[in-house]
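Start from the sequences, fold in the hints, and give me the full structure.
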Amino acid sequence: MPPARPALAARDYSAGERRECARMLRDLERGVRERNAALLGRAATRSALLNESRLPKPELPDLLRITRETGGVGVQIAHSGTVCAVVLDAARPRAAQRAREARAALDAMGLPRTIDQVWSGA
Numbered sequence: 001m002p003p004a005r006p007a008l009a010a011r012d013y014s015a016g017e018r019r020e021c022a023r024m025l026r027d028l029e030r031g032v033r034e035r036n037a038a039l040l041g042r043a044a045t046r047s048a049l050l051n052e053s054r055l056p057k058p059e060l061p062d063l064l065r066i067t068r069e070t071g072g073v074g075v076q077i078a079h080s081g082t083v084c085a086v087v088l089d090a091a092r093p094r095a096a097q098r099a100r101e102a103r104a105a106l107d108a109m110g111l112p113r114t115i116d117q118v119w120s121g122a
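Residues in the sequence shown are numbered from 1 upward in steps of one, following the UniProt record's numbering.
Treat the hints as calculated values from the structure; they're not laboratory data. Glycine included, C-beta positions come from ideal geometry on N, C-alpha and C.
Pairwise CB distance ranges, derived in the manner of DEER restraints:
#1 Gln-97 <-> Arg-35: 17 to 23 Å
#2 Glu-20 <-> Arg-65: 21 to 27 Å
#3 Asp-12 <-> Ala-96: 38 to 44 Å
#4 Ala-96 <-> Ser-53: 33 to 39 Å
#5 Arg-18 <-> Gln-97: 35 to 41 Å
#6 Arg-18 <-> Pro-93: 36 to 42 Å
#7 Ala-108 <-> Ser-14: 33 to 39 Å
#8 Arg-30 <-> Asp-107: 31 to 37 Å
Okay, structure coming up:
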């Protein structure tokens, strides 16, 4: 992944992008409040896609594919572009198996691993 870039100020985003950020934040807050992994995953994916025009990540299409193939609910990518994750819903059947499949696919891409775990929802 490319080196980190300085954060953008709100003025560096278009009015439409700022509105989308506000919608993502509402979905994120609701997802946390309701413990809704699907909302969290969708917000994270939208954030990753929004940032793609500023810091493209050539791995993103593969991450989205892996997410679909393993039953993930979204992708999380640090806006610095140095950290990524497949977001899975631990409450769904076979969550641990899905996590292992996603991890294997990410490993096959050659992405360096920092940490991985399955959230128990506790």
